[in-house]
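Enquirer: Order-wise, the sequence lines are chains A and B.
Position one of the first sequence corresponds to residue 110 (the working numbering), numbered consecutively onward.
Position one of the second sequence corresponds to residue 468 (the working numbering), numbered consecutively onward.
Derived by calculation from the structure, the hints in this document are not laboratory data.
Ideal placement from N, C-alpha and C gives every residue a C-beta, glycine not left out.
One or more of the hints may lead you astray.
Stated by the list, open to error - Here are a few chain A residues that sit away from chain B, every Cβ distance over 10 Å (derived from the structure): (1) Glu151; (2) Phe154; (3) Ala159; (4) Ala170; (5) Asn181; (6) Ile213; (7) Ser217; (8) Pro218.
As the list claims (entries may be wrong) - Covered, in the sense of this in silico footprint (three residues per stretch, anywhere, with C-beta under 8 Å from a C-beta of chain B), are these stretches of chain A: (9) 124-130; (10) 133-142; (11) 190-202.
Said to hold, decoys possible - Derived contacts from chain B toward chain A, CB cut-off under 7 Å, selection only: (12) Trp490; (13) Phe509; (14) Leu510; (15) Glu520; (16) Ile536; (17) Leu962; (18) Gly972; (19) Asn973; (20) Pro974; (21) Arg976; (22) Leu1117; (23) Leu1126.
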Amino acid sequence: MADTPEDIKNAQKKYLLIGLILFIFTVVTVAVATVPWLDFGEHGFDGIDAVIGLLIASVKATLVGAIFMHLNHEKRTIYGLIVLGVLMGLCLVVLTGWAFIDPIEYGSPVEGDGFYNPPETVNQ
Amino acid sequence: MEIPYTVTARKDTGLFNSKVGIWLFLASEVMLFGGLFSGYVFLRIYSDYPWPERALPIVPGLINTFVLIGSSVTVVFAWASLKMRQWRRFQIFMGITIACAGMFMVLKGIEYKAKWGHQAVRMDDFTIVEGHTHYGAIMSNGEVQHFQKKDKAKEAAKKDAEAYNKEAEARAKAAAQTKGEDFAGLPDDQKWQAGDYFKANTLLFQPDTVEFSLARAHRNWVNDLVAQAEKRQSSFVTGKDIFIYGDIEDYSGSAEKPKSNDERGREEAKLIKEYAAAEKMPRKLGSNSLFIPAGTPLSYSLLKEAREVYLAGRSHNSETRTAILRDNWKRVKEERPDDKYWEQAPDAQIDSASQLDEQLDEAGKVTSGSKVISIVSTLSFRMDPPQPLVIKRGWVKRPVKESDGKAELKDDTALNAGTNGRAEVAPGLLESPLALSVDAVDFRWMAQKAEEASKKPLDVIEGSWIFSDENKHAGTYRRLWKLHKKRIAHLEERLKDKYGTDEEGNPKRVPTETERYRMGWQDLVQYARVENDGQRAVPGDAAFDDLRPKFYHGFAGPNHKDEEIHKLHAFPELEIPHEKVSLESMFTPKWNTYYAIYFTLTGLHGLHVIGGAIVLAYYLFCSKGLYRRNPEWLANRVEVGGLFWHFVDLVWIFLFPILYLM
Chain A
110 MADTPEDIKN AQKKYLLIGL ILFIFTVVTV AVATVPWLDF GEHGFDGIDA
160 VIGLLIASVK ATLVGAIFMH LNHEKRTIYG LIVLGVLMGL CLVVLTGWAF
210 IDPIEYGSPV EGDGFYNPPE TVNQ
Chain B
468 MEIPYTVTAR KDTGLFNSKV GIWLFLASEV MLFGGLFSGY VFLRIYSDYP
518 WPERALPIVP GLINTFVLIG SSVTVVFAWA SLKMRQWRRF QIFMGITIAC
568 AGMFMVLKGI EYKAKWGHQA VRMDDFTIVE GHTHYGAIMS NGEVQHFQKK
618 DKAKEAAKKD AEAYNKEAEA RAKAAAQTKG EDFAGLPDDQ KWQAGDYFKA
668 NTLLFQPDTV EFSLARAHRN WVNDLVAQAE KRQSSFVTGK DIFIYGDIED
718 YSGSAEKPKS NDERGREEAK LIKEYAAAEK MPRKLGSNSL FIPAGTPLSY
768 SLLKEAREVY LAGRSHNSET RTAILRDNWK RVKEERPDDK YWEQAPDAQI
818 DSASQLDEQL DEAGKVTSGS KVISIVSTLS FRMDPPQPLV IKRGWVKRPV
868 KESDGKAELK DDTALNAGTN GRAEVAPGLL ESPLALSVDA VDFRWMAQKA
918 EEASKKPLDV IEGSWIFSDE NKHAGTYRRL WKLHKKRIAH LEERLKDKYG
968 TDEEGNPKRV PTETERYRMG WQDLVQYARV ENDGQRAVPG DAAFDDLRPK
1018 FYHGFAGPNH KDEEIHKLHA FPELEIPHEK VSLESMFTPK WNTYYAIYFT
1068 LTGLHGLHVI GGAIVLAYYL FCSKGLYRRN PEWLANRVEV GGLFWHFVDL
1118 VWIFLFPILY LM
């Protein structure tokens, strides 16, 4: 038992505070996306907006993970399992990306046009 | 036996069992959702059509985010209460968590329903139109009427049926009276059935004959056509006697007693005469042949019976052909044992078609067991009398044109229009425009195609069908587009003034493609309000901007039933001729990969919410015993259940901005 009842009693205030912070960050995410004067980079949605949105989401995720899921004082086995899972997930992403940068299929300045060509006209 | 380490930690890992288990599981879930998120990324980056940006209404997603975050907090408090042995408090917090899960699914359900009910159409010039489809009803005299609301269509069909039945009853009563008989009321099969309405994204086809493929006819479609015909007091019946041979023994006799062609023909004629004279029922003949007299009504069971016979005949034919081939090869290998097979081939007569006619032995007598039989693979039925049938576009193999005179369904069913004498009653494809109330017009794909072809997007857009005189509502759309162009021109100016230009003189910020080429429902409402106001507000006035609905209006999407929208006629009508429709769909995975990945991600996440809620409900309702025996074990189990719940919340924390805000 990592947490004694006393620790937990003291931690409850912390949980409430984190919950409130999460709510605030949610409002911030929506504000950044909808309020015009908070629109960074190009007008409308562009790369920087994606980065900001994902950054805020990552901060929220870190808070949930560290405090609600007790990852801030977890054992090494668990850290190992998480890292393994994330690594495997990244492998999936890399594999997919690798397929999409295939010059034979999608073309490149060196190889020329790939043999994948989206249809010109689409009919049902 | 006591399970070890449910409460005490293991010495090597410092963890109790379920913690290791749940983190292993969560690691696999990270891979699952990570894979799907990366799927989203790749689908968006490499999409060959304009990706719907901010297509989803934000408010339900936002409320769901608050709900899930709140439930995360309460599940932690529930665990904390257990650790402090406060049972009542645990129950309360767990109950709130499960209630939050329920609310999440309810909101999700509302969102999904709004999407499944929203129509999207892509025209052949790549104009995309979105809105709510109208409903049609076929009256008893064959006339088709269109209505905006489903209830109105239903009502009209009902009223028409009642009027027809009343009249029919009066006529029957009068006829009975002249004969001096008692009138017992109109029998059910002479009554017109009401409630026959359809969505105006379907085709109307009035066939003369319908041909079903025995191998492929789809049960649901056959039953649907039969039911439709019944409703309109019509039926499908066979036009002539049909004889389907299923078994070679019937056809050419046995090895001991083979039959010749003439003999077969005589027997067939005799059988047909015999059965035609007798009952009018389909009748199995011999071991596996089938006789269907003229006038037999269509039913799926009939097609199924005929299919069995057809498949028996077809497999006999393939076995026969294989046997002939095998014999030929055997013979050739015996004659030329030292040659390679490609040298033997010319002698092997592998074209068995030449040997499928009457097989004769040396004595010139017919042998049996070496013949293929002619098989019937389709059954043709006449529609008597021809009536309009509602055919879903998704059933049809390829776009149907009036001049085709034929509609082929994807199960190879062929609906044929009448020829010459019957063309008037059975004209084939009827006028089937796709009628809808439009709440968005999207020219982005058309603009993209124009740019690819090095043409000016605006020119191509303004030459499209929706603004042409062929569209009888073109005036409304031209007016809306004019105002839209003014608004975007002003937006462009404002951005240029505010952010300036770069060294080459290009403005640093420009309106997005979505703003330029898509008129969404907010635009249509704003422009309708401006017009209603007498065009007093112009782009540039604060008043003009104020008339635009805010992002929190329209809870789960544009509300066609909203009073103001209805009064202002903000959502105009449109009737798209059938040939101009390239793809029509609701907002479902059929429409595009955006909705495919949206439903995959949120659907899988929703299933996780349901699963997690079930587990937490189990802890809430069924764990009092365990709490009394071993409260620490229960606390550990609740902690682990809570970990899963936090993970579900984490996934949503990423899903919300990615799907709703980007």
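Enquirer: Indicate, hint by hint, whether the structure satisfies it.
Expert: Each hint, compared with the structure:
no.: 1; hint: Glu151; result: 6 Å, violated
no.: 2; hint: Phe154; result: 6 Å, violated
no.: 3; hint: Ala159; result: 6 Å, violated
no.: 4; hint: Ala170; result: 5 Å, violated
no.: 5; hint: Asn181; result: 13 Å, holds
no.: 6; hint: Ile213; result: 16 Å, holds
no.: 7; hint: Ser217; result: 15 Å, holds
no.: 8; hint: Pro218; result: 18 Å, holds
no.: 9; hint: 124-130; result: holds (count 4)
no.: 10; hint: 133-142; result: holds (count 4)
no.: 11; hint: 190-202; result: holds (count 10)
no.: 12; hint: Trp490; result: 5 Å, holds
no.: 13; hint: Phe509; result: 6 Å, holds
no.: 14; hint: Leu510; result: 10 Å, violated
no.: 15; hint: Glu520; result: 6 Å, holds
no.: 16; hint: Ile536; result: 5 Å, holds
no.: 17; hint: Leu962; result: 6 Å, holds
no.: 18; hint: Gly972; result: 18 Å, violated
no.: 19; hint: Asn973; result: 12 Å, violated
no.: 20; hint: Pro974; result: 10 Å, violated
no.: 21; hint: Arg976; result: 4 Å, holds
no.: 22; hint: Leu1117; result: 5 Å, holds
no.: 23; hint: Leu1126; result: 11 Å, violated
Hints 1, 2, 3, 4, 14, 18, 19, 20 and 23, counting from the list given before, are not met by this structure.
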